[in-house]
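Going down the list, the protein sequences come from chains R and L.
Using the working numbering, you'd call the opening residue of the first sequence number 643 and step up by one each time.
Using the working numbering, you'd call the opening residue of the second sequence number 52 and step up by one each time.
Treat the hints with caution; some may be incorrect.
[As the list claims (entries may be wrong)] Once the Cα atoms are required to be at most 35 Å apart in a straight line, the calculated DSBU-like pairs of lysine-lysine come out as: (1) Lys791/R x Lys801/R; (2) Lys846/R x Lys537/L; (3) Lys816/R x Lys589/L; (4) Lys476/L x Lys525/L.
Calculated directly from the structure, the hints in this document are not laboratory data.
Because the structure is a prediction, the values reported are computed rather than measured.
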Amino acid sequence: MAVKLLHIFRNTPLGRETLLQSSYFCQKIDALPVIYLPVSTKFLMYFENSIAQVDLDDSYLLFPETAQKHATEIVESFGLTPGFIEPKDFTASTLPDIPINFNFMCCPRSISDLSSKIGLGYIGPRVRKIVNSAHFPVLITSPVYKPWKKIAVFFGGSKNAVNALKLGFYFARKTKMPIEIFTKIEKISKHDMENIIEKENLKKEFDSLEIKWNIFDKGSFEENLYSIPHDALVILGAYGHGLIKEIMFGSKMEIIQTVIPNNLLIAGPEYVSHNY
Amino acid sequence: MKRLEPLKKIYNPAKWSFFKFDDRLLLILIGAIVGISSGLAAIALNRSLIAILDMLHHYRHLWWAFILPGIGALLSSVFLDKILKEGAGHGVPEVIYSVSRRGGLIRFRSSFSRLISSCLTIGSGGSAGPEAPVVMSGAAIGSNIASFFSLNDRQRITLVGCGAAGAISSIFNAPIAGMVFTMEVILGEWSTVNIIPIAIASVAGTEISRILNGNQIAFEHASFNIGLHDTLICIELALITAIVSIILTRLLRQMHSISNKIKAPLWVRAGIGGCVVGIMGFFMPVVLGEGYHFIQDMINGTFSTGILIAFIAVFAKIIATSFTLGWGGSGGIFAPGLVIGSLTGISFCRIIHMLWPDVSWMNEGCFGLLGMAGVISGMLQAPLTGIFLIVEITGGYEVILPLIIVSSISSTLCCFFEPASFYLKDLIKNGQLLRPGTDARVLADLSIVEVIETDCLRVKNNMILRDFITIIQKSKRNHFPVEDHKTGFFLGMINLDNVKPYIFNDMVYDAILLEQIMNTETDIDTISLEDDLSTVLKLMDSQELFSLPVISNKKFVGMISKATILNKYRTELMIQSTK
């Protein structure tokens, strides 16, 4: 079954950059880009146990007459054929429901606020909601198209981090790109993490790939982030801890998204690991 | 909500082993909580409405008061559309859609959005009712509580029903009507699994109403003496109420489409609609607001206008409701339906008194009451809701026989002329009303991915016939997808019929390539993974096909056959029937 990525197309230069990122992503893993050309500023995504209402920035509706042509041109320049979706179901006449049977979704850092807000340290509320609810990982792109040449995975031993690691392995297999793992030693040791990898039956794959495992045991986490290659796709888990823990101790994902400008592939708490 | 997981592990009753034995107990417990919450929401709306009506009462006689409903509808529209970005209609169809297609998922914002917007519309004088907003609110409360406890779709749908039942029970102080409305209109099925939690939620909602508002019957009346001739004349009343229901339903839609054609923002249209109602209300106050005190006058027999005015009032209220709801105001059609029904009833009563002055008819209030039942049953095409609602809100069990006649005949006649009720028409038109156990629902719950067969042997377009014959010997299938040898793209299908002319001539085995004898993509029908099964079956029926290739991204994915669909269909039907 074809691996599919959902992309909400914005027919502007900024939207072009985002679609270039999506197309590159699809080209690397042989996925089908499925594009939604919005006809209204609102749409719903019904997930298994929650609904995400996406209120798009008005710029998503600009120049509808050229949107499909532009999107097709961009995707075809990567040797891919785009799929387009038209909503079949409507919760209300102006509120279409977008299907969710995808393997990935691409979002800029914000899809409902003015594009001037997009910058490091800011992920819009709708994008957060999608990451929190989706069974697929969300590709949060950098504002300008930049092909990535490596895979960087953040692994801290949690369930979400294991999912991120599995995704990293999948990308390394599919793209044949080098993969690096980044771990900040805090409560659990490297040995414990190796045990987790073994317990999750990832040892064999871990050994078969040429993995560079970077362990940070000194300095602050922010300081260590300078080691992340600038041309890497960064894969990480998010929202795996409880709300109270996050309020008390902060979130690693928030630190990462505030500091590094790379493309991020985020596996949320509802992400279901697949054998693509 | 996932982030509250640690707390939920401790406080989530769904995880308690006591409830793992039978989830009905769990649904009863949470259903009661939902019933109380939705009951409180209903009381909150009721009290807010009273407060706004009191506040604006002093201004009603002023010449500019006609703009009040306009301002109310405008604010309501701005609140819903711009602030909360609801983008949705009156509420009940959205609840039915969520039950029918989305496992009962409803947005959290819907649990309060309609309460506030309808309060603005109705409180300022718009012709609408608070019932649909409280149903929406109660259902959203139920849905979100179910999601909080991570309940499954079936359990969530039950709790959506509990919310709707609790809200209706609370606002009318009518537990049976709440229950029946939910089963008949919202869920569309009467299963024992649902009835008990919904009954408990109705009781909880009603008790909340009784604690906070007292045990009041909405429209009390003196006792009626009903004879056989009264019961017989009800058949004609049913006919009249059916006509009125059809006019109301059609005019509401008409107004909605007229409003949509006007190139002005929704809030402007809502304001215009509200002002029209305000102007009408200047001459005929019965059209303003929910109009419950007029109903009380009519049932008491103290509604003193003449036949002509009462008759005009029926249509004035219909037009006012259409302007309010069709042009962007927020609220429901229950209360206007009751007012229109009672006006129809007393108009009818006065006409028959005029035609047969010597006959001793039951009193006017009773006709008003029967008229309400007729219009509600006709409009919703839910006779039981009409019957139980009127019995409970009037405390008039002695009218049960004529009530049954009016409700049944009115809903039957309406169904004949308008096959779908007001709430269901758009859903049916868009193929979104899928009641459990129906053919459409079973097919909708199955996806192509579930029925696809991927064990087909693929062949390349440049394969020679000799190699293909070897493949035929290995395969159990008669159809073979042909792919481009370079790109892997799907090019067509080849089956045994294509090979028959050459199979007994081994001289050509090495001379024929498959691309020369295959059926190309343009000759055959294909389907994609995004197609729904009902479309696939229609295609199979129209083309008399038993199987079809599934193509995705120009590549062959698998085959889909009628036999596999039937197998899965039966399994799914059994699951839905035994829920």
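Hints and how they fare:
no.	hint	verdict
1	Lys791/R x Lys801/R	26 Å, holds
2	Lys846/R x Lys537/L	33 Å, holds
3	Lys816/R x Lys589/L	39 Å, violated
4	Lys476/L x Lys525/L	53 Å, violated
Comparing the model with each numbered hint stated earlier shows that hints 3, 4 do not hold.
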